[in-house]
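J.: Protein chains in written order, with the numbering used here: chain B, 1 to 339; chain H, 1001 to 1339; chain F, 2001 to 2326; chain R, 3001 to 3326.
I should point out that these hints are in silico values taken from the structure, not numbers from a laboratory.
Keep in mind that a hint or two might mislead.
To be verified - Heads up, simulated PhoX-like pairs for lysine-lysine below, C-alpha to C-alpha not over 20 Å straight-line: (1) 322/B / 2316/F; (2) 1337/H / 3197/R; (3) 211/B / 1203/H; (4) 1117/H / 2112/F; (5) 1337/H / 203/B; (6) 3316/R / 1322/H; (7) 224/B / 65/B; (8) 1337/H / 3255/R; (9) 337/B / 2324/F; (10) 1203/H / 203/B; (11) 1211/H / 1141/H; (12) 337/B / 2189/F; (13) 2324/F / 1337/H; (14) 3197/R / 337/B.
Stated by the list, open to error - From the derived model, a few chain F residues whose C-beta atoms are all more than 12 Å from chain B: (15) 2007; (16) 2051; (17) 2053; (18) 2061; (19) 2109; (20) 2128; (21) 2197; (22) 2308.
We put the CB at the ideal spot given by N, CA and C, even for glycine.
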Amino acid sequence: MAKQAAHKELSATPTEIEKYYRETLYIRHFEEKCNIAYRAGKAGGYLHVYIGMEPLVVGWINSIKKGYDYVITAYRDHGHALLLGSDPVAVMSEIMGRSGGMSRGKGGSMHLYDLEKGLFGGWGIVGGHTALAGGLAFAAKYRGEDRVTLCYLGDGAANAGVFFETLNMCGLWDLPIIFIIENNEFAMGTRLEYHAADTELWKRGEAFGIKSERIDGMDTLQAKKDAERIIDYVRKEGKPYVVEIMTYRFAGHGAADNDQALYRTPAEVEEHRKRDPLILLQDYIKRNNLMTEEKMEAIDSEIEEEIDRIYEAADASPFPEKDEVYDNVYTDMEPEKGH
Amino acid sequence: MAKQAAHKELSATPTEIEKYYRETLYIRHFEEKCNIAYRAGKAGGYLHVYIGMEPLVVGWINSIKKGYDYVITAYRDHGHALLLGSDPVAVMSEIMGRSGGMSRGKGGSMHLYDLEKGLFGGWGIVGGHTALAGGLAFAAKYRGEDRVTLCYLGDGAANAGVFFETLNMCGLWDLPIIFIIENNEFAMGTRLEYHAADTELWKRGEAFGIKSERIDGMDTLQAKKDAERIIDYVRKEGKPYVVEIMTYRFAGHGAADNDQALYRTPAEVEEHRKRDPLILLQDYIKRNNLMTEEKMEAIDSEIEEEIDRIYEAADASPFPEKDEVYDNVYTDMEPEKGH
Amino acid sequence: MASTMTTYRDAVRDCLIEEIERDENVFLIGEDIGRYQGTFKVTAGLFERFGGRRVIDTPITEPGFTGIATGAAMTGLRPIVEMMTMSFSILALDQIINHAAKVHYMTGGQAKVPMVIRGPGGAANQLSAQHSHSLEGWYAHCPGLKVVAPSTPACAKGLLRSAIRDDNPVIFTENPGLYSIKGEVPDDKDFTIPFGKARIAREGKDLTLVAYSRMVHVCLAAAEELSAEGIEAEVVDVRSLLPLDTETIFGSVKKTHRVVVVYEDWKSGGFGAEIAARIGEECFDDLDAPVGRVGGLNVPMPYTRNLELECIPNDKDVLAGVRKLG
Amino acid sequence: MASTMTTYRDAVRDCLIEEIERDENVFLIGEDIGRYQGTFKVTAGLFERFGGRRVIDTPITEPGFTGIATGAAMTGLRPIVEMMTMSFSILALDQIINHAAKVHYMTGGQAKVPMVIRGPGGAANQLSAQHSHSLEGWYAHCPGLKVVAPSTPACAKGLLRSAIRDDNPVIFTENPGLYSIKGEVPDDKDFTIPFGKARIAREGKDLTLVAYSRMVHVCLAAAEELSAEGIEAEVVDVRSLLPLDTETIFGSVKKTHRVVVVYEDWKSGGFGAEIAARIGEECFDDLDAPVGRVGGLNVPMPYTRNLELECIPNDKDVLAGVRKLG
Ligand SMILES: Cc1ncc(C[n+]2csc(CCOP(=O)(O)OP(=O)(O)O)c2C)c(N)n1
Ligand SMILES: Cc1ncc(C[n+]2csc(CCOP(=O)(O)OP(=O)(O)O)c2C)c(N)n1
Ligand SMILES: [Mg+2]
Ligand SMILES: [Mg+2]
């Protein structure tokens, strides 16, 4: 009976479930380590973690053709790089501003790029990257390829003018792109209700005749199913799609955000904790007894140790040489030098 | 019978009808004169006429509290100034770049302003003025006044990012503003279908929870009724409104647009001519025998002569003095002078 | 004149409070300036104190809310727009230079735009390429705008009050590195500093250093080191880029005969070039050496700290610039 | 080398055609450039010839389509963006300087943006304050961009081809007043002119006039008038602002000892200030007079023709600038 029920509920193979569990833990520990690094002064500037939002990458990036499809997002980008298969030491090194970083320390946490893996950033201007995303999809169509572009943007970014301009052109030209609005209910310290006239952000796609919907983003398995369905549609139809995913930001806006009481209560956070993606996954595993408690804990500490090793390796990477400051301004020349 | 039918149809008093007829003719002749002036080299730069779109001002500006409510539009702005009561000689002088102009020749056809009459421009950057319009409405609400702001914009302007940003804030803050989308089916040489993913532009307001609708803009009396209804709603409720008015641009985009064959056929224009607002008004007057043919023609030539006088008066106005070039850069100082 | 030791941040904040209280038409608008207190906490406590009518949180829409502020200003309100960082004002440039800065002219004087756009300009600490712009030079190029960049708490308060009471759009650039510095600030609620008046931050006879905003402090540090070598540098704090007080600048150069213009912005095409060009034109016969310039490196701002520090001029770079004069 | 008498407009147009035919990755994108043939008719006939895949009409969304072009370029396509007038590129500045110009740096060299942004810059004829901007100086201030402003049909074609084949974002400013001028243009479909090489448009020994774009012709006219007085002016056509060929400029100044920099942009803070400042620094001992500058008046562009003509430098203004050198 229970087994059957379990079987019924089971919408992914045990191997898949374990994969998602590992990836979720991986991101969770990686991000916690980033916050530690930041507090230790090993990372600087603005640093934004993905804690609580893991299904948006675990569910979605596992549903695309990695390295073929295009992925682009804003500054909350560690999870995207990790799941696309970027070298985690290079990711951590970049966050720590080392020469071993993906951009040799020139980009930092907000600007992770790994073009070979299909990661086109990593951008700091809220909303600005949505137009670039349109360009990635435009290129795929121009070349007659069936690549899909995933463009992640926040609920706050969904108010930026350039996003609407891009939606219009994507609808007008039938570009194969999925705009994933990560609705984590806050734009920095501003609550959704205070920044959006209509808090159902998915409707913004409809005004341009674009298929649009709002879905849950806490349940990894559900996210995976939705991702497969929508990505399949976009790849087949070659049309744009807007999906608003309801999630929650458990951490502060960024590592420097040290007074969350300004915009939310601990009670509110607790309420959402009940649907913490990691907890939902763990419950699911237990309910369907796919793993023993022991194994789950073993995996947890195994990953925690791996992240420690990654951190150590990154911390061993040197800072770039002073004269690298002039590299990469142009592909073929140097800028005027000196002060 | 006919009388009764007529009576039934009659939705405005004969005096009102005559007023609308005179105003429509006034704008029509004024604009034709502007095109003549342009061809004669008496006006320069970009000059855009309102021929065929008269009901959008005759119906709407006659329904606001002139001088109290705010009106703002783009560069197709002659009709707005004339109906708000700006001195027509000052309007024509501005278009001809004379010191008798509303801005002493510094603005020109695209930049007509008469703040005392409630006209806040007259702007040349497509879409840019929609944000300013939001500011006018913001100010009314800030001061607790019941002024309504009419913001006219074109179908092409309805794609500009800043318009959506403004819609969101107007909806979020309940600003008393009406966005009148003048859908004349073209953005310069680009047809509606080629610039808008969804050609029903009114939907763009709905995404922000703003009451929105599409209405006809050729029938002056209908336009008047719609205007009264919507303005009344906005003034009472203190909420924004988006109204897409279907109209048609009989003239070229601007006086310099000399090859309309590039984007439309004479047949298409002829088709629309059947619903030329002036013709509809004339038919209405005849059908309800509100005036004799003779009177209608008399009014026509009376206005034509008046426009001629306005043109002569404007043409008699001198060009500004050279040193005025430094005036009005600042309210209280001069810029660095000289080349 | 009674004064109080105040941080640069509080000098700005106090002025905002005093002007909001003084003039019903003054209001603040920007991102996260209300409930969140402002990213650099310049507006801390103001939302609680004055409410949502006078302190307005906006969606992330620089073009939109800058335009809304401009429209409101055209009706006589006096908005103070906060750019979370001046870098984001790039998105609103069309609204600022094409609308706010020009409407007085295009209306032949009918419309006024009594608006202030303020926020931190320049590099903070590892905010990377998109968040570290110095834009004051671009703004100072635009007729219709006034542009100020105060270096001390007192200047910040006196110039901000002038800006708020000015009937023209004013760009008021702060600097992330200045918020915590302290200085005596006059208590007088009507204390203002007029635009277009530079300040002699340090007197000297051998050499002139011209700077604004945080670079004034870098120049003062360099001047101390020079002094140890017996070279007395005069430091001119420009304060206001537009209008620019060339009289004071030229006066100092005519006295010292040697000058270096220092600015954080990218060296090539920065406003320091304009200052240098004017000195070259007007002080030709007074110069014993070419007009020197020390500016930021011509590269996008890198993230990692050691490279970032390479980009921003410091006292050693200023000394090197002085030595180059020979 | 075989050549043909061609207008500036056709030189640009021919180059677009040749490069579209040569490279499958090249496409044009902008407002009314297809069916409508382009407001200044630079793209006349191209939509009919190459179809809507290679010649793309966009909605009026400069930020949007510039960003789309940038994203496409990051995948290896080579977009050529037309700004109906460069004035409208102000709306896209964030996309251009914060995204396109910086991504190569922020990615540590991973991403390239082989994109050209072209269109008419400067005043046309009574287009008023919002449509008459000269923005090349702002762009030339931004590391990561290359900026060219050709003055002749041959330069336009040679520099445009270099721009299209360049792997970095290039700002290519034309000028409404130049489209109809004629000149011999090499027929060679691979004819290019390298960036960073100025051109001596007229040789002279007594004085140097430095300019770019349409102002080169204004300087040539002024030079003829000076010649009548026995003063032989050398006219240096900068052509490329970033990179800037200071070697040629300095070389001319070292020969003539007197120089005036001429530009249409607002005088204060225009790129001419940077050129003047560099000359002042590097040619100090060669100068017999201060580095002169002649620029546009520091006012928003007025509509009425007589005032507009006051704002734009002409040959008489250049002569006045020369006389000022004494
Ligand atoms: C144009 C611009 N304005 C302001 C900022 C400052 N800023 C950085 S993140 C942020 C909030 C964005 O919220 P959201 O889009 O919901 O993304 P989230 O942080 O929630 O993932 C703001 C205002 C910016 N980076 N860019
Ligand atoms: C930002 C910007 N881009 C381009 C232009 C050039 N332009 C002027 S009018 C126009 C078409 C606008 O069409 P629409 O909004 O429908 O108004 P209509 O002319 O039909 O009244 C264009 C592209 C401009 N003025 N501003
Ligand atoms: Mg959010
Ligand atoms: Mg239209």
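J.: All hints are to be evaluated individually against the structure, with a verdict given for each.
T.: Comparing the hints with the structure gives:
1. Pair hint residue 322/B plus residue 2316/F holds up; C-alpha atoms about 16 Å apart against a cutoff of 20 Å.
2. Annotation: proposed proximity of residue 1337/H to residue 3197/R is violated, straight-line Cα distance about 33 Å (limit 20 Å).
3. As the CA atoms of residue 211/B and residue 1203/H are separated by approximately 14 Å, the hinted pair is consistent with the 20 Å bound.
4. Pair hint residue 1117/H plus residue 2112/F holds up; C-alpha atoms about 16 Å apart against a cutoff of 20 Å.
5. Between residue 1337/H and residue 203/B the CA atoms are separated by roughly 53 Å; this puts the pair beyond 20 Å, and the hint is violated.
6. Between residue 3316/R and residue 1322/H the alpha-carbon distance is near 16 Å, which keeps this suggested pair within the 20 Å criterion.
7. Distance restraint check for residue 224/B and residue 65/B: the Cα-Cα separation of roughly 14 Å lies within the 20 Å cut-off, and the hinted pair is therefore satisfied.
8. The straight-line distance between the Cα atoms of residue 1337/H and residue 3255/R is roughly 31 Å, outside the 20 Å bound, and the hint therefore fails.
9. At roughly 15 Å between alpha-carbon atoms, residue 337/B and residue 2324/F fall within 20 Å of each other, so this suggested pair holds.
10. Taken as a hint, the residue 1203/H and residue 203/B pair is honoured in the structure, with Cα atoms around 10 Å apart against an allowance of 20 Å.
11. The hinted pair formed by residue 1211/H and residue 1141/H meets the criterion: a straight-line CA distance of about 18 Å does not exceed 20 Å.
12. A distance of roughly 47 Å separates the Cα atoms of residue 337/B and residue 2189/F; the hinted pair therefore is violated under the 20 Å criterion.
13. Distance hint between residue 2324/F and residue 1337/H is unfulfilled; the C-alpha atoms sit about 33 Å from each other, more than 20 Å.
14. As the CA atoms of residue 3197/R and residue 337/B are separated by approximately 18 Å, the hinted pair is consistent with the 20 Å bound.
15. The Cβ of residue 2007/F sits about 19 Å from the closest Cβ of chain B, beyond the 12 Å cut-off, so the non-interface label holds.
16. The beta carbon of residue 2051/F sits about 14 Å from the closest Cβ of chain B, which is more than 12 Å, so the claim that it is off the interface holds.
17. No beta-carbon of chain B comes within 12 Å of the beta-carbon of residue 2053/F; the shortest separation is about 14 Å.
18. Residue 2061/F, annotated as away from the interface, has a beta carbon of chain B within 12 Å; the closest lies near 6 Å.
19. With 12 Å as the threshold on Cβ separation, the claim that residue 2109/F sits away from chain B holds: the shortest Cβ distance comes to roughly 31 Å.
20. The beta carbon of residue 2128/F is not kept farther than 12 Å from every beta carbon of chain B, the shortest such distance being approximately 5 Å.
21. Against chain B, the non-interface label of residue 2197/F holds: every CB pair exceeds 12 Å, the least being about 28 Å.
22. Not every CB of chain B is more than 12 Å from the CB of residue 2308/F (nearest about 9 Å), against its label as outside the interface.
Checked against the numbered hints listed earlier, the structure breaks hints 2, 5, 8, 12, 13, 18, 20, 22; every other hint is satisfied.
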